[in-house]
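Novice: Chains as they are written, first to last, in my numbering: chain A, 15 to 128; chain B, 15 to 128; chain C, 15 to 128; chain D, 15 to 128; chain E, 15 to 128; chain F, 15 to 128.
Treat the hints with caution; some may be incorrect.
Because identical chains cannot be distinguished in the list, a pair is counted as satisfied if it fits within a single copy or across any two copies.
With a straight-line cut-off of 30 Å between C-alpha atoms, the simulated BS3-like cross-links for lysine-lysine are [as the list claims (entries may be wrong)]:
1) Lys59 / Lys27
2) Lys38 / Lys27
3) Lys31 / Lys41
4) Lys59 / Lys31
5) Lys59 / Lys41
The set of hints was computed from the structure by calculation and includes no laboratory data. Since this is a predicted model, take the numbers as computed values, not measurements.
6 protein chains.
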Amino acid sequence: MSRYEDFQDFRAKLNDKILSRGTKTTKRFFTLDGNAYEPGALDAKTKELLGLSASMVLRCDDCIAYHIDQAVQAGASDEELFEVFDIALIVGGSIVIPHMRRGVEFLEECRSMG
Amino acid sequence: MSRYEDFQDFRAKLNDKILSRGTKTTKRFFTLDGNAYEPGALDAKTKELLGLSASMVLRCDDCIAYHIDQAVQAGASDEELFEVFDIALIVGGSIVIPHMRRGVEFLEECRSMG
Amino acid sequence: MSRYEDFQDFRAKLNDKILSRGTKTTKRFFTLDGNAYEPGALDAKTKELLGLSASMVLRCDDCIAYHIDQAVQAGASDEELFEVFDIALIVGGSIVIPHMRRGVEFLEECRSMG
Amino acid sequence: MSRYEDFQDFRAKLNDKILSRGTKTTKRFFTLDGNAYEPGALDAKTKELLGLSASMVLRCDDCIAYHIDQAVQAGASDEELFEVFDIALIVGGSIVIPHMRRGVEFLEECRSMG
Amino acid sequence: MSRYEDFQDFRAKLNDKILSRGTKTTKRFFTLDGNAYEPGALDAKTKELLGLSASMVLRCDDCIAYHIDQAVQAGASDEELFEVFDIALIVGGSIVIPHMRRGVEFLEECRSMG
Amino acid sequence: MSRYEDFQDFRAKLNDKILSRGTKTTKRFFTLDGNAYEPGALDAKTKELLGLSASMVLRCDDCIAYHIDQAVQAGASDEELFEVFDIALIVGGSIVIPHMRRGVEFLEECRSMG
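Build out the structure end to end from the sequences listed, making use of the hints.
Specialist: This is the structure we're talking about:
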């Protein structure tokens, strides 16, 4: 199984457990988390890129993978994604690099799933 | 070998190396780290939950696993643990979610070891 | 005006602005943030202490002040609060110390307001 | 002097010192930091919003103030800025709130300078 | 009163309170924190620079001020300190810049106290 | 394949992709990142130790592995490296421990490659 499939699989399985066993506040947070990326004054692609830049400087590989996948589905080009990687690198420094490496690899896998 | 056994195994093996080769300050820190969770004005279970909430917002999977295991041994219920997850999620945001997923999976493994 | 009053004042004034001008998701997040500390399997005091330990390791002075104030109102003793400071210090290291200093000063001010 | 003027003043004065006394690598980093926000596949406003979202989750008040100012100059509306605040809040959690408060106050000052 | 004096004053006053009222673990941690910077395989100056680089990437202004002061007392030159600032900037990114600004200002004050 | 080889391999392969596909700013950042560790007022070994202490408190395993490897090549002894681990532990707290464990294991592998 590819990293892409592994990631989607584990994510779906555990989200189900959290949504059935978690507190009401946790469940509502999951709903808000989804709502935050719906188009408004900013379009959906821009919002995914904002989530990606935040996730990269916080160095959360699963969050990075998720937002790359969503940004690709919202029509982001590789050029746009590499400019987001660039800003995250400048803001967050060289410790972002290992996460950028895994992000670039994951992006290639997303493109190959299309 | 399960994740639970892997984790305990690696932890024990490397702690031994650190305690035999590390500085005197490092060894004393390890002792203090143990002392901090002994019951005082707050009981042992509450202290483990405090360590868990701190570990979750700092997003340290091994620390989360350790404090879940200790909290379970100190008698914490799943309801109590999910309320700790909830506070960590609200304080630390959606980047806590991947760690909550692995924490929930680890909790199930802890319960099944009992 | 004391730091305590300054803090409460600025917090109230800007929360009003955020709640009148922010997105629907932001407003709902503020509600969830309040709900997370309501008593459940864990009582209100324990929940405030969990929020305090998380805020200390994330080194957010305003969050620390807020949870100290709430914990005091929920009946936390100084002994309990210093044990929370202790765990935050061990988990988060010496960079927590400057925030512990300001927390101890704020705690004294909270007690003197009573 | 307003917070806006204080901030610009101190920033300019110390940047001058760093650029005259810092290492060659530091100076080149300052240049790169400027280059990263120039329009490319993404326009300048979007890049400032990406820098803002990264700065908010890393909770750097001066960085937040800087990117709000730049985003306003690049034509960002309040609606767009509040949606960035929203994503930063969801990704980074309640510890982002104190920085959002100061960001909202700074935004009002930026608008009043116009 | 200068920032240097303010800082030393508040630090001394609150450390006294913490050492008289804190837990035994907290007091021992303060002792360890002092011990860690005593010369060993590495000399005292190098250890202060290591503490400074760690404090800069964690963006703790008081910790940065403290280690600059100690490093100056241990004989560090401005050239050495600016190379530490440089590494912290590359590792930690542009969010380190506001702390570098305040560090440079504090360094000038330390030199003028000599 | 050992963790050492895996790490070097993946690092080289993805750095190539980033350097061929990344933005000009990203490429320049990679150059600066290399330059920052060249000897100046501080020698190469000290600079690697500074990078290591920063990487440990930021808890970046790949960065820790990289700087351990470079420090070993620049002549750092185990005693020196354990004193860096010690300072990182005191500054960053118990959440550094899991990274110290993996760092100690990696150091042993580096020594066995020699």
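Novice: All hints are to be evaluated individually against the structure, with a verdict given for each.
Specialist: A quick look at each hint next to the structure:
For the identical chains of this complex, Lys59 and Lys27 are neighbours both inside a copy (26 Å) and across copies (29 Å), given an alpha-carbon limit of 30 Å. When the C-alpha separation of Lys38 and Lys27 is checked against a cutoff of 30 Å, the pair qualifies both within a copy, at 19 Å, and between copies, at 29 Å. In this homomeric assembly, Lys31 and Lys41 come within 30 Å of each other (Cα to Cα) both inside a single copy, at 11 Å, and across copies, at 27 Å. Within a single copy, Lys59 and Lys31 get their C-alpha atoms as close as 29 Å, and across copies as close as 24 Å, so both meet the 30 Å cut-off.
In this assembly of identical chains, Lys59 and Lys41 lie within 30 Å of each other by CA distance both inside one copy and across copies; the values are 25 Å within and 23 Å between.
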